[in-house]
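Colleague: Sequence:
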Amino acid sequence: YLFASAGVLGETNNSVITGALILRGLDAIPVVDVAPDYESYSYKKLDLSNADDKAFFEAALAWDLEVEGKKWVDGKLVSVSDFFALCRHKLTISV
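Going letter by letter, the sequence shown gives residues 1 to 95 in the working numbering.
Since the hints were derived computationally from the structure, they do not count as laboratory data.
Model, not experiment: these values are computed from the prediction.
One should not assume that every hint holds.
As a list, the in silico DSSO-like pairs of lysine-lysine whose alpha-carbon atoms are at most 30 angstroms apart [unchecked claim]:
1. 44 - 54
2. 70 - 54
3. 71 - 45
4. 45 - 76
5. 76 - 54
6. 54 - 71
7. 70 - 45
8. 76 - 44
9. 44 - 71
10. 70 - 44
Build the full structure now, drawing on both the sequences and the hints.
Modeller: Structure follows, in structure tokens:
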């Protein structure tokens, strides 16, 4: 249900975390709300017919994205299994 290319752009004490999510469905929140800090981020549906959105998406996947003069420093490709493993300690399951 989720694949993401996420990265840290910038330098120590002057950085941002950004990236592109590819997910099943039209709403990101039901997919990402298992992460304890998901509300710290903003989510925008990209329109790949828009040149700026397409350039952002392609650069995020290629790990050569630059935002506000900040260049890609480090990144992670995340699949749904990685995402849930990262968030597992925060999940509560009721039966």
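Colleague: Let me make sure I understand: some of the numbered hints might not hold for this structure. Which ones are they, in numerical order?
Modeller: none
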